[in-house]
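Just need the whole structure built from these sequences, with the hints factored in.
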Amino acid sequence: MEMMRKERIDRGIKVRTEGLYAISSYREILYLLGPRLLLIVGILLLPLFLELVPYWKRVVNIMCVYALLALSFDFLANYVGLVCLGGAFFVGVGGYLSAIFNVYLGLPVYLSIPFAAMGGAIFCTALLLPCLPLRGVYFAIVTLMYPLFFTRVVEALNILGGTNGITGLDSLPNEYVEHYVIIIMTLIILFGMRRFVNQDIGLVLRGVKDNDQSVRASGINITYMKALAVFIASFVGCFGGAYIAHLYMWAGLSLFALDFSIIPIASVVIGGGGTLVGAVIGTFILVPLSEILRAFGTFRIVIYCAALTGFIVFKSEGLMVYLQRKYHQFERWVKI
Amino acid sequence: MSDAPFLSAKGISKSFGGLKALVDVSFEIQQGEIYGIIGPNGSGKTTLINCITGFIKPGAGRVYFKGKEITGWPAHKIAHIGISRTFQIMRPYYTLPAFKNLIIPLWSPRAKKTGGWRGGGKHGDRDTVAVDILEEIGFERDSRVPYKLASTLPTGYQKRLELARCIAMRPEIIFCDEVFSGLSMSEIAGMTPLIEKMKMEGITLIMVEHRLRELFRVADRVMALNFGEKIAEGLSSAVIEDKRVKEAYLGKEAV
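From first to last, the protein sequence lines stand for chains X and H.
For what it's worth, my numbering labels the leading residue of the first sequence as 1, then goes sequentially.
For what it's worth, my numbering labels the leading residue of the second sequence as 337, then goes sequentially.
Be aware that one or more of the hints could be misleading.
To be verified - Lysine-lysine pairs mimicking BS3-like chemistry, simulated, CA-CA at most 25 Å apart:
no.: 1; chain 1: H; residue 1: 346; chain 2: X; residue 2: 209
no.: 2; chain 1: X; residue 1: 6; chain 2: H; residue 2: 484
no.: 3; chain 1: X; residue 1: 326; chain 2: H; residue 2: 484
no.: 4; chain 1: H; residue 1: 356; chain 2: H; residue 2: 402
no.: 5; chain 1: H; residue 1: 535; chain 2: H; residue 2: 402
no.: 6; chain 1: X; residue 1: 315; chain 2: X; residue 2: 14
no.: 7; chain 1: H; residue 1: 484; chain 2: X; residue 2: 14
no.: 8; chain 1: H; residue 1: 535; chain 2: X; residue 2: 209
no.: 9; chain 1: H; residue 1: 402; chain 2: H; residue 2: 346
no.: 10; chain 1: X; residue 1: 6; chain 2: X; residue 2: 335
no.: 11; chain 1: H; residue 1: 402; chain 2: X; residue 2: 209
no.: 12; chain 1: H; residue 1: 404; chain 2: X; residue 2: 209
no.: 13; chain 1: H; residue 1: 413; chain 2: H; residue 2: 402
no.: 14; chain 1: H; residue 1: 404; chain 2: H; residue 2: 535
Claimed, not checked - Derived coverage of chain X by chain H (criterion: at least 3 residues anywhere in the stretch with Cβ under 8 Å from a Cβ of chain H; other residues may be distant):
no.: 15; stretch: 74-82
no.: 16; stretch: 196-206
Said to hold, decoys possible - Derived DEER-like restraints, expressed as beta-carbon distance ranges:
no.: 17; chain 1: H; residue 1: 484; chain 2: X; residue 2: 288; range: 37 to 47 Å
no.: 18; chain 1: H; residue 1: 478; chain 2: X; residue 2: 23; range: 45 to 55 Å
no.: 19; chain 1: H; residue 1: 425; chain 2: X; residue 2: 198; range: 24 to 34 Å
no.: 20; chain 1: H; residue 1: 448; chain 2: X; residue 2: 170; range: 36 to 46 Å
no.: 21; chain 1: H; residue 1: 553; chain 2: X; residue 2: 199; range: 40 to 50 Å
no.: 22; chain 1: X; residue 1: 8; chain 2: H; residue 2: 563; range: 34 to 44 Å
no.: 23; chain 1: X; residue 1: 297; chain 2: H; residue 2: 408; range: 54 to 64 Å
no.: 24; chain 1: H; residue 1: 408; chain 2: X; residue 2: 114; range: 35 to 45 Å
no.: 25; chain 1: X; residue 1: 333; chain 2: H; residue 2: 529; range: 27 to 37 Å
no.: 26; chain 1: X; residue 1: 228; chain 2: H; residue 2: 484; range: 25 to 35 Å
Derived by calculation from the structure, the hints in this document are not laboratory data.
The structure presented is a predicted model; accordingly, all values stated were derived computationally and were not measured.
Heads up, the beta-carbon is just placed ideally off N, CA and C, and yes, glycines get one too.
Put into structure tokens, the structure is as follows:
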């Protein structure tokens, strides 16, 4: 009996585009630029297309915020080895800080958002610092705990507007600024992060994930490196939070809602961990999906969970890893 | 501090729960020598390295480097002052290509301080230096080996990669934790000249080994450990004839 085996081979065009020769013909250039342009132009044109269905325009903004959170989760989990369940923590801190800057201190919106992102990143990093030298699940637990902690603190002490939240934040100038602030930020963070993780400093962070003992033996303080990574991730998350607060013109306890922690993780699972772009694609599938399922009421959670379980069981590598493989390689049967 | 020994350990003790891994171990090492540490399994050799290089804190005792006390310093600080180590179980960065593995030590503050990461001229980059170092340690530059993923390399190359990671730091002392174990005779034959070359370059080497024959070829002095205690020290020919060393390796009945 003849035995057959499936073989996977790089496409010729992929090999040709690896070196400088890629720029020798338009086909190769298109092969390289095509997927990137599709994503960039697609996202940029999205608000214009959605003029037809105005309800969905709001969803784009939220989708991008979730994309930022998913990027920050993917970066920490797959490039630094820290499993961070703190999306809600980052959003809450960013949102409340932005509200404090804008309402209490009277800063205009174009200052309060960046200040909140920066201040929030420092604040979050400082609070997470004690558990950075530890290995294992402690970081995940602490990041999950902080949003619950702050919810109770705000409730119990009745500070920062208590259960009503802080109202009266300035809104962004107009609808298009609202869209494009967050869309462009998402694109910058996505491509910036992709570049960053392949820089020398990014390689050091990936080394921390691969094996931290070797990094220590190389004379590098891993706690410092982890703190740097958490700073970057929380900056991204806090920016999202600050933006949401201004979008709703309100900062309240629901900014600490666990949705902000869970949906990004689910998106990364669906999109494919470690690809960064997969995180964005994942949110662009999940968030609209949950919006469509809104009609089913609480039953949507069931459908949501079923979809997620299906993905984990049947395509645990994630959508983006699968697509990349199909794009770069082909399969054939060979005799053995 | 010329009269102080290069590296010295005084009365190092360490116990894990009830198990005494190290009991009052002391030794001194001169600059530029190759110092071997031998002993049966579980005699505390790796624990001793861990204590000195800061991966675990010694229970008691002091470590001095160039007359300066470094007891209990964190591992990265000890590596920073020039004491480097390899791991017995190889720990390359599996998801990175072999030459990218060296970016991490080349990025370290020590490499920045010594300027060791700069290759050709002012704008030389780390990738070039990394491939240079790998070539020095026996990776063929023009072959595909340095560009392969570290996880796909055979054991011999992974051991070399461990050494390369140390060399990239331009250390003064390298602790080699069983670099010969798990290698074939021909791989060892390729490795020994590297050790001798490092010695010629003035690097002090401390080698923990089970392969005694290979170790004695290169080592100047040897220390033997058994159940965490130092039982002999001196020239390799004298140590191997020592009664207590024979007992430790062969058992009391055989001696």
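Against the structure, the hints come out as follows:
| no. | hint | result |
| --- | --- | --- |
| 1 | 346/H x 209/X | 35 Å, violated |
| 2 | 6/X x 484/H | 23 Å, holds |
| 3 | 326/X x 484/H | 23 Å, holds |
| 4 | 356/H x 402/H | 28 Å, violated |
| 5 | 535/H x 402/H | 18 Å, holds |
| 6 | 315/X x 14/X | 24 Å, holds |
| 7 | 484/H x 14/X | 18 Å, holds |
| 8 | 535/H x 209/X | 33 Å, violated |
| 9 | 402/H x 346/H | 14 Å, holds |
| 10 | 6/X x 335/X | 9 Å, holds |
| 11 | 402/H x 209/X | 34 Å, violated |
| 12 | 404/H x 209/X | 33 Å, violated |
| 13 | 413/H x 402/H | 15 Å, holds |
| 14 | 404/H x 535/H | 23 Å, holds |
| 15 | 74-82 | violated (count 0) |
| 16 | 196-206 | holds (count 5) |
| 17 | 484/H x 288/X: 37 to 47 Å | 42 Å, holds |
| 18 | 478/H x 23/X: 45 to 55 Å | 26 Å, violated |
| 19 | 425/H x 198/X: 24 to 34 Å | 28 Å, holds |
| 20 | 448/H x 170/X: 36 to 46 Å | 45 Å, holds |
| 21 | 553/H x 199/X: 40 to 50 Å | 43 Å, holds |
| 22 | 8/X x 563/H: 34 to 44 Å | 53 Å, violated |
| 23 | 297/X x 408/H: 54 to 64 Å | 60 Å, holds |
| 24 | 408/H x 114/X: 35 to 45 Å | 42 Å, holds |
| 25 | 333/X x 529/H: 27 to 37 Å | 48 Å, violated |
| 26 | 228/X x 484/H: 25 to 35 Å | 29 Å, holds |
Checked against the numbered hints given earlier, the structure breaks hints 1, 4, 8, 11, 12, 15, 18, 22 and 25 and satisfies all the rest.
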